[in-house]
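Novice: Below are the chains, spelled out letter by letter.
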Amino acid sequence: MTDFALTTFSSKGKLLQIEYALNAVAKGDTAIGIKAKNGVVLVVEKKQSSILIEESSVQKIALLTDNVAATYAGLGPDFRVLSQQARKLVKKYDLKYQEEIFVQTLSRELAEDVQIATQRGGIRPFGVSILIAGYDEEGPHLVQLDPSGAYYSWKATAIGKQAKNAKAFLEKRYNADMEIEDAINTALLTLKEGFEGQITPTNIEVGVIRDDHVFRILPPSQVKDYLEELE
Amino acid sequence: MSGIFEYNGGSIVGMKGKNCIAMACDRRFGQQMSTITTNYQKVFKIQDNILLALSGLNSDIHTFYALMEKEINLYNLKENRKMKPTTFANLVASSLYERRFGPFFVTPIVAGLENGKPILATYDSIGCKSDLDDFQVGGTGGNYIYGACEAFFKPDMSPEELEEVIGQSLVSGCDRDSLSGWGGVVYVLTEQKLTVKILKTKQT
Chain A
21 MTDFALTTFS SKGKLLQIEY ALNAVAKGDT AIGIKAKNGV VLVVEKKQSS ILIEESSVQK
81 IALLTDNVAA TYAGLGPDFR VLSQQARKLV KKYDLKYQEE IFVQTLSREL AEDVQIATQR
141 GGIRPFGVSI LIAGYDEEGP HLVQLDPSGA YYSWKATAIG KQAKNAKAFL EKRYNADMEI
201 EDAINTALLT LKEGFEGQIT PTNIEVGVIR DDHVFRILPP SQVKDYLEEL E
Chain B
697 MSGIFEYNGG SIVGMKGKNC IAMACDRRFG QQMSTITTNY QKVFKIQDNI LLALSGLNSD
757 IHTFYALMEK EINLYNLKEN RKMKPTTFAN LVASSLYERR FGPFFVTPIV AGLENGKPIL
817 ATYDSIGCKS DLDDFQVGGT GGNYIYGACE AFFKPDMSPE ELEEVIGQSL VSGCDRDSLS
877 GWGGVVYVLT EQKLTVKILK TKQT
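Each protein sequence line maps, in turn, to chains A and B.
Each residue of the first sequence is one higher than the one before, counting from 21 in the working numbering.
Each residue of the second sequence is one higher than the one before, counting from 697 in the working numbering.
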């Protein structure tokens, strides 16, 4: 067990391990998030490498608590570990204060764990960028958390393979007066733009939270309806 | 030490009114039969809209108050916002339970105004929270104050009425308790202001 950090500075002042982690993210399946006036939507590609894989067993949007969920681009197992850590953070907060956690608070505390992996002995940075979507007392939130531990609040964003193109598309389509239904359509359109092959209700995952503070992952039947509307 | 909760003596009481809350405490700091000082503070302003009253072992009153101050200051800095009274009430409960097997010998009362609505919570020394009542008492004179409260209290009192009622209940109660008294302090909190009044009790 090494007790020195594996992530060290290059002479140019960069942390190459973090850059490489971001490369891993850039290779991952695209995920898009849009924050509307009255809700937040997450959509993510769920391309399977083989038709033999049981599609329903793969869940790319993880519920962190009733009013917050997250998805990712990058290494699936790293996301699994981080989302479990996030759930524990939520419960720790709940035990102490007995109130619904604020998205900013959760993001900040999770970011702490992500940053530690860039400065602790013997471990590597996490190979995922995470999109956290939630609705708390302060309103709807969309936060992106990077392997460096940096986190940013977004109105709309994309991560993964199609991030650049998707964000360009979103810049044109986004407006601050969007309602959640518009946001869902826009998110699906954006994902469809860069999608390789045919988009179906089972090769994507859609999650929505509205002002009732309850995050719901849409069943394929509902996703089918939204996709048909796009036509 | 028999009666560690009785060693220093002291009484506190909290009451809900119409869009206001009141807290009152005595001023005695004693060591069993001796009175050391008659100006000991037992009610603390945690935030503009939250008051914390503590009775029990004075050393723990001070320590627990300092701990709560620290928590709320860190919270304000980290979260960049004020703490809600109901959140603080829960924080007190979990902080007390954290010391389940080496507890703080205090019985706190938390009172506050959340969006104008009065909040009142009381606890045992290991954090069992009770927030269902309109008035609560604590300390060695608690039971005597209960009697006066039951007689004088009515729901939805104005700040002025509340100040009078809580003051009278405290004074009557402390007059009966040898370990409480030597003056009283009444705090009345409304959306606009916090008033503090010092009362005279029987000087014994």
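The hints are simulated quantities; they were obtained by calculation from the structure and are not laboratory data.
Careful: at least some of the hints might be erroneous.
[As the list claims (entries may be wrong)] Keeping only pairs whose Cα atoms sit at most 35 Å apart, straight-line, the calculated DSBU-like set for lysine-lysine is:
{"no.": "1", "chain 1": "B", "residue 1": "Lys896", "chain 2": "A", "residue 2": "Lys57"}
{"no.": "2", "chain 1": "A", "residue 1": "Lys116", "chain 2": "A", "residue 2": "Lys67"}
{"no.": "3", "chain 1": "B", "residue 1": "Lys813", "chain 2": "A", "residue 2": "Lys175"}
{"no.": "4", "chain 1": "B", "residue 1": "Lys774", "chain 2": "B", "residue 2": "Lys896"}
{"no.": "5", "chain 1": "A", "residue 1": "Lys32", "chain 2": "B", "residue 2": "Lys780"}
{"no.": "6", "chain 1": "A", "residue 1": "Lys34", "chain 2": "B", "residue 2": "Lys893"}
{"no.": "7", "chain 1": "B", "residue 1": "Lys714", "chain 2": "A", "residue 2": "Lys34"}
{"no.": "8", "chain 1": "A", "residue 1": "Lys57", "chain 2": "B", "residue 2": "Lys893"}
{"no.": "9", "chain 1": "B", "residue 1": "Lys766", "chain 2": "A", "residue 2": "Lys112"}
{"no.": "10", "chain 1": "A", "residue 1": "Lys112", "chain 2": "B", "residue 2": "Lys893"}
{"no.": "11", "chain 1": "B", "residue 1": "Lys714", "chain 2": "A", "residue 2": "Lys108"}
{"no.": "12", "chain 1": "A", "residue 1": "Lys111", "chain 2": "B", "residue 2": "Lys741"}
{"no.": "13", "chain 1": "B", "residue 1": "Lys774", "chain 2": "A", "residue 2": "Lys116"}
{"no.": "14", "chain 1": "A", "residue 1": "Lys108", "chain 2": "B", "residue 2": "Lys778"}
{"no.": "15", "chain 1": "B", "residue 1": "Lys898", "chain 2": "B", "residue 2": "Lys778"}
{"no.": "16", "chain 1": "A", "residue 1": "Lys212", "chain 2": "A", "residue 2": "Lys47"}
{"no.": "17", "chain 1": "B", "residue 1": "Lys893", "chain 2": "A", "residue 2": "Lys108"}
{"no.": "18", "chain 1": "A", "residue 1": "Lys112", "chain 2": "B", "residue 2": "Lys825"}
{"no.": "19", "chain 1": "A", "residue 1": "Lys112", "chain 2": "B", "residue 2": "Lys850"}
{"no.": "20", "chain 1": "A", "residue 1": "Lys175", "chain 2": "B", "residue 2": "Lys778"}
{"no.": "21", "chain 1": "B", "residue 1": "Lys774", "chain 2": "A", "residue 2": "Lys57"}
{"no.": "22", "chain 1": "A", "residue 1": "Lys108", "chain 2": "B", "residue 2": "Lys741"}
{"no.": "23", "chain 1": "A", "residue 1": "Lys116", "chain 2": "B", "residue 2": "Lys889"}
{"no.": "24", "chain 1": "A", "residue 1": "Lys67", "chain 2": "B", "residue 2": "Lys889"}
{"no.": "25", "chain 1": "B", "residue 1": "Lys896", "chain 2": "A", "residue 2": "Lys111"}
{"no.": "26", "chain 1": "B", "residue 1": "Lys850", "chain 2": "B", "residue 2": "Lys896"}
{"no.": "27", "chain 1": "B", "residue 1": "Lys813", "chain 2": "A", "residue 2": "Lys187"}
{"no.": "28", "chain 1": "B", "residue 1": "Lys813", "chain 2": "A", "residue 2": "Lys111"}
{"no.": "29", "chain 1": "B", "residue 1": "Lys896", "chain 2": "A", "residue 2": "Lys112"}
{"no.": "30", "chain 1": "A", "residue 1": "Lys108", "chain 2": "B", "residue 2": "Lys896"}
{"no.": "31", "chain 1": "A", "residue 1": "Lys34", "chain 2": "B", "residue 2": "Lys850"}
{"no.": "32", "chain 1": "A", "residue 1": "Lys116", "chain 2": "B", "residue 2": "Lys896"}
{"no.": "33", "chain 1": "A", "residue 1": "Lys57", "chain 2": "B", "residue 2": "Lys850"}
Novice: Does each hint hold? Answer for all of them.
Specialist: Hints, verified against the model:
1. B:Lys896 x A:Lys57: violated (57 Å)
2. A:Lys116 x A:Lys67: violated (40 Å)
3. B:Lys813 x A:Lys175: holds (34 Å)
4. B:Lys774 x B:Lys896: violated (42 Å)
5. A:Lys32 x B:Lys780: Since the Cα atoms of Lys32 (chain A) and Lys780 (chain B) sit roughly 47 Å apart, the hinted pair is violated (cutoff 35 Å).
6. A:Lys34 x B:Lys893: violated (62 Å)
7. B:Lys714 x A:Lys34: The given pair, whose Cα atoms are some 60 Å apart, is violated under the 35 Å limit.
8. A:Lys57 x B:Lys893: violated (47 Å)
9. B:Lys766 x A:Lys112: holds (19 Å)
10. A:Lys112 x B:Lys893: violated (40 Å)
11. B:Lys714 x A:Lys108: Cα-Cα ~40 Å, so violated.
12. A:Lys111 x B:Lys741: The hint holds at about 29 Å.
13. B:Lys774 x A:Lys116: Holds, at roughly 15 Å.
14. A:Lys108 x B:Lys778: holds (24 Å)
15. B:Lys898 x B:Lys778: violated (40 Å)
16. A:Lys212 x A:Lys47: Roughly 18 Å between the alpha carbons, so the hint for Lys212 (chain A) and Lys47 (chain A) holds.
17. B:Lys893 x A:Lys108: Violated, because 46 Å separates the two Cα atoms, which is more than 35 Å.
18. A:Lys112 x B:Lys825: holds (19 Å)
19. A:Lys112 x B:Lys850: violated (39 Å)
20. A:Lys175 x B:Lys778: holds (25 Å)
21. B:Lys774 x A:Lys57: With Cα atoms ~26 Å apart, Lys774 (chain B) and Lys57 (chain A) stay inside 35 Å; holds.
22. A:Lys108 x B:Lys741: With a Cα-Cα distance of about 32 Å, the restraint between Lys108 (chain A) and Lys741 (chain B) holds, given a limit of 35 Å.
23. A:Lys116 x B:Lys889: holds (29 Å)
24. A:Lys67 x B:Lys889: With a Cα-Cα distance of about 60 Å, the restraint between Lys67 (chain A) and Lys889 (chain B) is violated, given a limit of 35 Å.
25. B:Lys896 x A:Lys111: violated (48 Å)
26. B:Lys850 x B:Lys896: holds (24 Å)
27. B:Lys813 x A:Lys187: violated (45 Å)
28. B:Lys813 x A:Lys111: Holds. Lys813 (chain B) to Lys111 (chain A) sits at ~27 Å (cutoff 35 Å).
29. B:Lys896 x A:Lys112: violated (46 Å)
30. A:Lys108 x B:Lys896: Answer violated: Lys108 (chain A) to Lys896 (chain B) is near 52 Å, above 35 Å.
31. A:Lys34 x B:Lys850: Given that 35 Å is the threshold and the Cα spacing comes to 68 Å, the pair is violated.
32. A:Lys116 x B:Lys896: Given pair Lys116 (chain A), Lys896 (chain B) is violated - Cα atoms ~39 Å apart, limit 35 Å.
33. A:Lys57 x B:Lys850: Answer violated: Lys57 (chain A) to Lys850 (chain B) is near 44 Å, above 35 Å.
The earlier numbered hints that this structure contradicts are 1, 2, 4, 5, 6, 7, 8, 10, 11, 15, 17, 19, 24, 25, 27, 29, 30, 31, 32 and 33.
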